Amino acid sequence: MARENKRKLEDLSVDEFLSGFDALEREDSLGASPQESAEYKESVLQESSLKKRGQASEHKAQLSRLKHNDPEFFKFLQENDEKLLNFADSDSSEDEEEEKYHKLPSQLEMPSSDEEGEEDKKEKRVKKSAKKAIKVTTKMIDDWRTELKQAPSARLIRDITQAFKAAVATTRGDGDNECRYAVADSSVFNALILLCIRNMHASLTKLLHIRAPDKDQKKLILPSSSPRWQKHQLDIKMYLSGIVQLLGSLTQSTVTAAVLRHAHQMVPYYLCLPKQARQFLKQLIKQWSTGEETVRVIAFLALNKICRHKQNVYLNTVLKQMYMAYVQNCKFTSPTTLPVINFLQHTLAEMYALDTHVSYQHGFVYIRQLAVHLRNAMNMKKKETYQSVYNWQYVHCLYLWCRVLSTIYPSEVLEPLIYPLCQVISGCIRLMPISRYYPLRLHCVRALLLLSGRTRTFVPVLPFLLEIFQQEDFNKKPGRMSLKPINFAVVLKLSKTNLQEKAFKDGLIEQLYDLILEYFHTQAHSIGFPELALPTIIQLKAFLKDCRVSTYCKQMRQLLEKVQENSAFVTARRQKAAFGVADAPAVAAWENQVAEEGTPLTKYYSQWKKLREKEIQLEISGKERMEDLNFPEIKRKKPQAKVEDKKEFKGLFESDSDSDSEGLMRKLKEGGSDDDDDDDDDEGLEDLSDASGGGDDDDEGEEDSDGTEGKACGSKHAPKQVSSEELQELAGGDEDLVEDLELSDQD
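Numbering follows the numbering used here, with no gaps: position 272 of the sequence shown is 273.
Read the hints as simulated data drawn from the structure, not as lab findings.
Please note that the accuracy of each hint is not assured.
Below are the DSSO-like pairs computed for lysine-lysine, each with C-alpha atoms no more than 30 angstroms apart in a straight line [to be verified]:
hint, residue 1, residue 2
1, Lys287, Lys311
2, Lys615, Lys503
3, Lys542, Lys478
4, Lys485, Lys497
5, Lys477, Lys503
6, Lys497, Lys382
7, Lys287, Lys306
8, Lys497, Lys477
9, Lys610, Lys542
10, Lys276, Lys238
11, Lys150, Lys136
12, Lys150, Lys238
13, Lys383, Lys497
14, Lys497, Lys332
15, Lys232, Lys136
16, Lys503, Lys485
17, Lys332, Lys485
18, Lys306, Lys276
19, Lys477, Lys546
20, Lys321, Lys311
21, Lys494, Lys478
22, Lys503, Lys478
23, Lys494, Lys384
24, Lys276, Lys287
25, Lys321, Lys306
26, Lys497, Lys546
27, Lys306, Lys238
28, Lys332, Lys287
29, Lys311, Lys276
30, Lys321, Lys332
Since the structure is predicted, the reported quantities are computational estimates derived from the model, not experimental observations.
Input sequences plus hints: build the corresponding full structure.
What follows is the structure, encoded as structure tokens:
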């Protein structure tokens with residue numbers, strides 16, 4: 002009851018405090034002059050006081066009526082607060098005091114004047130700080146360098162860090178008002194940065210009394226373990242933040258590499274300061290994904306060092322950011338960007354190898370994301386969904402996870418991801434199995450070969466390659482000639498013009514040769530190699546029977562012979578085995594022994610790989626193959642007086658009838674495997690140059706350089722058997738003339 006009565010009293014006295022203030026606020030908003038506003042406010046206050054006195058008398062009459070109407074509440078007021086009943090006298094005294102002490106000023110200050118005053122103060126403060134800033138000179142830097150080498154002190158480190166902060170502020174384009182020093186000259190800036198890069202790490206180590214780690218000690222000694230760490234922590238924070246800001250503003254790669262080397266030395270200090278470490282990691286990921294080659298390597302080493310010593314804190318976040326940076330930089334692929342993408346791929350796989358459990362979580366999420374895109378493309382069958390799969394980012398992500406799983410193998414944690422990844426890659430190949438997307442199919446096959454070879458997992462890769470022999474007609478003459486070969490390493494799909502070019506089929510045969518040989522190399526020591534190679538042998542024989550292009554037949558025949566040779570070798574070895582097929586340990590031991598001893602296919606592959614890698618590097622660099630092989634230049638004499646001998650020598654290769662040429666053509670169509678001069682060079686690099694497409698890429702009816710396939714060109718006269726002595730006599734004993742004649746025949 003008492004609380005309710007008190008609340009009633011408070012409600013009655015609210016209007017007394019709101020009488021004239023609304024009018025004052027309205028008048029201030031109109032923007033009147035200070036004198037007019039003062040007069041107006043004084044009149045308003047007088048009116049409000051009169052009004053308040055009238056309200057007080059009226060309120061007193063209400064209280065008298067309250068005594069008769071509600072005697073209990075009136076009695077409560079008398080007992081608790083008697084002054085409330087005698088409010089008239091107190092109000093009059095308060096009004097007098099208010100008039101005495103609260104008088105309005107003659108002029109009011111405007112808000113604009115306050116703002117102008119603050120700006121003036123700020124300008125004065127800037128000028129004052131500029132006057133106080135000490136200009137750094139080369140003499141000061143030399144003195145600092147001498148003191149650092151002798152005995153670094155806390156005061157000296159503070160001066161250098163303050164000067165370094167001022168130097169970094171100049172790179173941002175705005176001076177720092179709180180800097181104690183000022184760096185205005187470029188030569189002074191370079192000398193100061195060089196001083197910090199060369200001497201700061203050793204000086205801080207000496208100042209904090211940090212002992213050097215042992216050679217065999219892998220654990221990193223953190224500077225926070227020093228008892229002097231708290232004393233110098235603020236200066237070190239300022240210095241580390243300055244390094245990160247400096248890295249973000251540099252544009253020259255050599256300077257960036259030098260600063261990054263110094264930052265790599267300062268990694269233990271970053272590990273002690275979480276905020277500076279996060280800023281540093283962000284800058285390192287940027288340099289790792291977009292910098293120059295040396296910068297990328299140093300940034301990766303620093304990232305790896307931080308994540309190895311603070312896996313629980315930074316590894317998960319760093320892997321996410323690195324993966325996103327990798328995807329962003331894989332959007333476009335060209336001969337210049339392909340080495341960068343390969344570097345990012347290899348280094349990111351090394352980062353995933355730090356913790357298999359974290360790698361499994363990331364791999365599961367991202368491989369599932371790739372599978373979702375593929376499922377949408379299969380179900381919706383629209384151009385947009387196809388493009389979400391058939392692009393460089395998708396292909397490079399597939400290849401990345403094949404690289405990760407093959408790098409970390411053997412791992413029981415990541416092994417369950419092999420099967421779904423193979424299924425996604427196979428589904429990507431089958432999504433649009435047309436000739437325009439043969440390059441994408443070949444990229445996917447290379448990823449499967451990497452995964453299968455490193456993880457020792459059988460993946461049925463050969464059907465994707467042998468299917469091309471059935472789909473493509475290699476006997477069809479090209480619609481147009483091309484000036485340059487197609488670089489399949491940087492192509493995902495082919496245009497209609499590319500499909501009509503001769504370079505398309507030449508490059509496709511070369512890619513098929515490479516991939517089939519590489520796959521059989523990974524399985525060359527397997528005890529089931531003869532059964533594995535049987536479908537390929539059948540397909541290659543059918544191809545040789547149907548194909549009429551001499552160059553393609555020559556390459557595939559050579560591949561067929563190497564596969565058959567290795568199959569015969571494995572068959573002979575396993576016939577001597579004294580164990581059964583069900584004895585898995587004995588089979589594994591047998592395969593390991595064969596792999597160590599080597600097989601005919603592995604020996605050939607090692608020679609072929611050296612030549613092929615050189616050619617691939619030339620293709621990636623965008624240069625012609627024969628341009629950079631540095632072959633010795635052959636100087637020949639220009640035959641001018643022996644033109645008749647030339648004609649007579651050339652006539653020896655003309656035949657009298659077409660019967661011999663028709664017989665040879667029939668033989669090529671039937672088997673294509675006659676033991677002619679083409680098969681004499683099975684050993685050495687001559688074989689490798691023919692296999693890798695180094696010969697003349699001519700169609701049917703054109704001569705090969707060795708003259709064997711030239712019998713099928715339908716010449717008029719059959720070739721006569723001529724000995725080397727007769728050739729020398731015809732040529733007059735001039736060897737250079739014989740070489741010139743051979744060159745003119747090819748032309």
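Verification of the hints:
no., hint, in the structure
1, Lys287 <-> Lys311, "20 angstroms, holds"
2, Lys615 <-> Lys503, "23 angstroms, holds"
3, Lys542 <-> Lys478, "21 angstroms, holds"
4, Lys485 <-> Lys497, "16 angstroms, holds"
5, Lys477 <-> Lys503, "10 angstroms, holds"
6, Lys497 <-> Lys382, "22 angstroms, holds"
7, Lys287 <-> Lys306, "16 angstroms, holds"
8, Lys497 <-> Lys477, "15 angstroms, holds"
9, Lys610 <-> Lys542, "25 angstroms, holds"
10, Lys276 <-> Lys238, "9 angstroms, holds"
11, Lys150 <-> Lys136, "23 angstroms, holds"
12, Lys150 <-> Lys238, "22 angstroms, holds"
13, Lys383 <-> Lys497, "21 angstroms, holds"
14, Lys497 <-> Lys332, "23 angstroms, holds"
15, Lys232 <-> Lys136, "27 angstroms, holds"
16, Lys503 <-> Lys485, "10 angstroms, holds"
17, Lys332 <-> Lys485, "25 angstroms, holds"
18, Lys306 <-> Lys276, "17 angstroms, holds"
19, Lys477 <-> Lys546, "15 angstroms, holds"
20, Lys321 <-> Lys311, "16 angstroms, holds"
21, Lys494 <-> Lys478, "21 angstroms, holds"
22, Lys503 <-> Lys478, "8 angstroms, holds"
23, Lys494 <-> Lys384, "15 angstroms, holds"
24, Lys276 <-> Lys287, "17 angstroms, holds"
25, Lys321 <-> Lys306, "17 angstroms, holds"
26, Lys497 <-> Lys546, "28 angstroms, holds"
27, Lys306 <-> Lys238, "20 angstroms, holds"
28, Lys332 <-> Lys287, "16 angstroms, holds"
29, Lys311 <-> Lys276, "14 angstroms, holds"
30, Lys321 <-> Lys332, "18 angstroms, holds"
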